[in-house]
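*Asks:* Heads up: the protein sequence lines correspond to chains A and B, in order. 6 is the number of the first residue of the first sequence in the working numbering; add one for each residue after it. 45 is the number of the first residue of the second sequence in the working numbering; add one for each residue after it.
Be aware that one or more of the hints could be misleading.
As the list claims (entries may be wrong) - In silico lysine-lysine, DSS-like type, Cα no more than 25 Å apart, as pairs:
1) A:K341 - A:K161
2) B:K322 - A:K155
3) A:K64 - B:K308
4) B:K322 - A:K253
5) A:K494 - A:K71
6) B:K308 - A:K253
7) A:K387 - A:K422
8) A:K422 - A:K341
9) A:K64 - A:K162
10) B:K221 - A:K254
11) A:K341 - A:K387
12) B:K322 - A:K254
13) A:K402 - A:K422
14) A:K147 - B:K308
Hints listed in this document are in silico derivations from the structure and should not be mistaken for laboratory results. None of these values were measured; they are calculated from a predicted model.
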Amino acid sequence: MDEISVLIGGRAGDGINSAGLIVAHLFSQLGYQAYMYFDYPSLIKGGHNFTIIRASRQKVGAFRAKVDFLLALNQDCLDLHTARIDAKTVVICDSSRVRAEGICIPIPDILKEEHAPPVMGNSCIIGAFARAAGIGWEVVEKVLTQNIRKGLDQNKKVARRGFDMARGYVTVPVHDSPPLPLLSGNEAIGLGLLHGGLEAYIAYPMTPTSNLLHFLAEVGEGGDLLVFHPENEIAVILMALGMGYTGKKTAVGTSGGGFCLMTEGLSLSGMNEIPVVVVLGQRAGPSTGMPTYTAQSDLHFALHAGQGEFPRLVVAPGDAEQAFFWSSLSLQLAWKFQVPAIILCDKTLCEGYYSFSDPRETIPTIQPQPPGIPGTSYLRYKVTDDGVTPPLYPPTKETVIKVNGYTHDEAGITTEKAELAALMVEKRVRKGMALERELALLPTVSRYGDPGADSMIVCWGSVAGVCREVADSLGMGVVQPVVLAPFPKDGVKAVLGNPERVLVVEENACGQMEMLLACHGIRASGRVHKYDGRPFTVEELKERIAGVP
Amino acid sequence: MTDRGLITDAQNTWCPGCGNFVIQFALRDAIQSVIDSGIERERIVLVTGIGCHAKMADYLNVNSFYSIHGRTVPVATAIKMARPDLTVICCAGDGDAYAEGLDHLVFAAKRNSDITVIVHNNRVYGLTTGQYTPTSPLGFRGRSTPGGTREEPFNPLEIMLSSGATYVARGCTRRKKNLEKVIGEGIRHRGFAFIDVLQVCASYFNLSDVYDRHVYELGEGHREDNFSGAFEKAREWDYNSESPISIGIFYRTLRPTLEERMEKPPGQIMNRPALITKILESRT
């Protein structure tokens with residue numbers, strides 16, 4: 006048994022997400038790499054929530070169509086997932102709410118006897134699962150102890166009752182790899198930003214990046230990180246630029262709707278050259294769309310948001326390690342080149358959990374820009390060879406620092422003179438070129454699978470996980486541009502080679518990556534799109550690729 | 045920027061007779077007196093929006109952030125939050141502060157952010173050539189309302205008092221000395237200071253005569269610490285009808301500022317690598 010998949014489902018409020026995480030941690034302890042997908046509707050109580058945890062000896066970033074264990078806290082969980090069940094699937098359920106064949110536990114009775122609240126039903130079913138999967142009680146106890154803050158003893162008692170009532174079906178083999186941390190994409194982004202030197206984080210809550218705000222707010226309570234939640238996203242980005250003016254390295258987080266409100270501020274950042282990092286978590290649109298479901302339909306929005314022309318960095322990490330790596334670099338690069346940066350992620354990445362291999366040793370340190378020379382002759386927009394002006398921040402002794410969203414002269418004073426206007430446009434263009442030169446030294450394009458295959462997949466963002474796996478099984482290669490602006494066209498062309506087929510896989514309807522590739526002279530021969538808010542399963546993508554002529 | 049004075053050598057493009065000149069000199073003198081009291085010039089930051097008022101950023105030789113329309117207050121709030129040792133002043137227009145960015149103004153008052161907001165309230169859009177603003181009188185004929193507006197103005201002082209501003213004042217460009225005083229006191233006030241400045245627009249809405257007839261200074265008898273008295277006084281004139289218009293400090297009180305409330309007790313700050321390692325361990 007190289008891999009195992011578990012689905013846990015129930016109503017919102019049943020603690021499905023935390024139960025899924027406990028199961029993922031159980032696998033971690035047994036030496037597996039885990040991936041967890043969390044599916045939930047946009048409501049607080051009721052509805053149907055479920056997680057799928059997939060554990061494997063290899064790194065995983067996708068889930069399968071079928072599951073080995075189905076843990077049902079209500080009848081919906083069984084009825085809605087019949088397609089995921091086959092003859093080998095072991096069903097474990099709450100016998101008071103579900104009619105099924107399998108391990109049926111009278112959860113309410115156990116909770117009553119242990120004087121435990123209803124939400125602890127999830128611990129009970131986890132206990133039963135552990136027994137059924139041949140996971141030792143000591144592992145369960147350890148994981149519960151590490152992950153449960155409130156009511157640990159009661160949770161343990163309830164889990165033990167479940168454990169004792171179940172019987173073993175299989176025994177998940179134990180491997181001696183040390184357990185890896187489990188991080189959500191949001192947490193990986195947050196940690197990457199901290200690694201890059203983040204000093205302030207400003208956000209208005211919006212799925213799928215609200216949990217990044219929550220995570221950093223907790224960090225901020227205990228450390229030197231300023232975290233603030235203002236009145237709206239317009240205030241968010243303007244506050245970030247105010248922070249940046251004083252030299253504080255600042256990031257903001259939102260989704261498409263909030264980013265719409267930020268675009269005027271983004272353009273201001275392009276003009277006044279105050280850097281800011283925007284974490285843009287895509288979800289199914291347009292408009293409010295399906296707030297808790299995934300999409301990759303804001304690529305061109307991210308590339309072109311804001312009036313006028315200005316250089317920007319756009320990165321689209323595909324897993325937790327890339328999220329950490331490129332969040333750190335985005336912050337460093339944005340500050341070095343005084344440009345806005347966008348970390349383009351999606352619900353699948355932000356709210357998915359991944360086994361995480363600490364990438365810190367591989368992250369290069371970007372040499373920061375040397376500061377300007379203080380004094381009355383300081384010019385905030387002094388024209389330089391690479392377009393980047395050595396920065397200073399207030400208060401600096403005897404120095405006046407003027408930033409401006411109007412076309413301005415070197416001192417930051419508004420101008421409408423033709424030659425100055427052109428000079429400043431060229432200054433900003435040169436900054437973009439300097440950024441491009443720096444990026445040429447960095448791993449802007451990832452590749453997987455067979456590098457010489459005559460059939461190649463091009464994908465971006467969180468889809469990389471499932472593409473990698475499918476390519477391996479079909480003998481294909483995968484090219485994943487991680488940096489999307491400035492677009493690493495030479496890198497993509499070099500890695501792609503000259504294959505017979507180029508398939509672009511993306512979670513949108515119009516083929517946004519395909520259009521971007523076409524802009525740079527790279528033609529796709531086929532495409533696979535998905536736009537129902539759900540990520541591809543491994544089987545689904547395999548089948549869809551097989552169907553492409 | 046070799047000039048060490050407070051006025052830059054940028055060419056001034058305000059119309060002759062513009063009330064902005066009066067605000068500029070009042071603000072310059074107020075800033076000079078702040079500097080004289082021991083605050084270095086480099087600790088002063090001016091934030092402006094978009095409109096005629098905003099050229100102040102080009103004309104005053106201090107640190108400045110020339111922002112976008114309606115967005116002075118969030119920038120100023122953040123600058124003060126990031127560096128509480130800075131003195132942060134916003135110049136905003138009435139279109140800026142009361143139309144495009146009213147939400148920010150209300151929130152800054154609610155939070156008692158320690159910034160000073162001076163609203164150049166000429167009650168007309170100047171730079172876009174004469175449209176009505178939130179404080180134009182009912183029936184105002186502007187280029188977007190040729191038949192006259194069909195809505196009453198609102199009273200910004202009432203909004204600010206209701207929102208929790210701890211310093212609420214009004215000035216008028218026809219009374220420079222009083223204006224300099226309310227601006228200076230506003231900058232020195234610890235907490236959110238709001239100053240509505242009735243400003244003459246020489247080109248599109250010249251109310252010099254109206255203000256000369258009706259404006260009077262709040263007398264000795266006005267108690268600045270009395271909220272309901274201040275509210276009553278603020279309602280004396282509704283920005284619409286002809287009635288006495290008082291200027292001066294309507295209300296002044298002290299409550300903890302946002303920055304004071306955000307200050308963290310000195311504690312052990314973990315270095316970043318150690319913090320990241322600790323978080324990773326807690327997720328293992």
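*Asks:* For every hint, state whether the structure bears it out.
*Replies:* Outcome of the hint check:
no.	hint	verdict
1	A:K341 - A:K161	violated (51 Å)
2	B:K322 - A:K155	holds (21 Å)
3	A:K64 - B:K308	violated (41 Å)
4	B:K322 - A:K253	holds (24 Å)
5	A:K494 - A:K71	violated (38 Å)
6	B:K308 - A:K253	holds (17 Å)
7	A:K387 - A:K422	holds (17 Å)
8	A:K422 - A:K341	violated (28 Å)
9	A:K64 - A:K162	violated (33 Å)
10	B:K221 - A:K254	violated (41 Å)
11	A:K341 - A:K387	holds (15 Å)
12	B:K322 - A:K254	holds (22 Å)
13	A:K402 - A:K422	violated (31 Å)
14	A:K147 - B:K308	violated (35 Å)
When the structure is compared with the earlier hints, violations turn up for hints 1, 3, 5, 8, 9, 10, 13, 14 and for no others.
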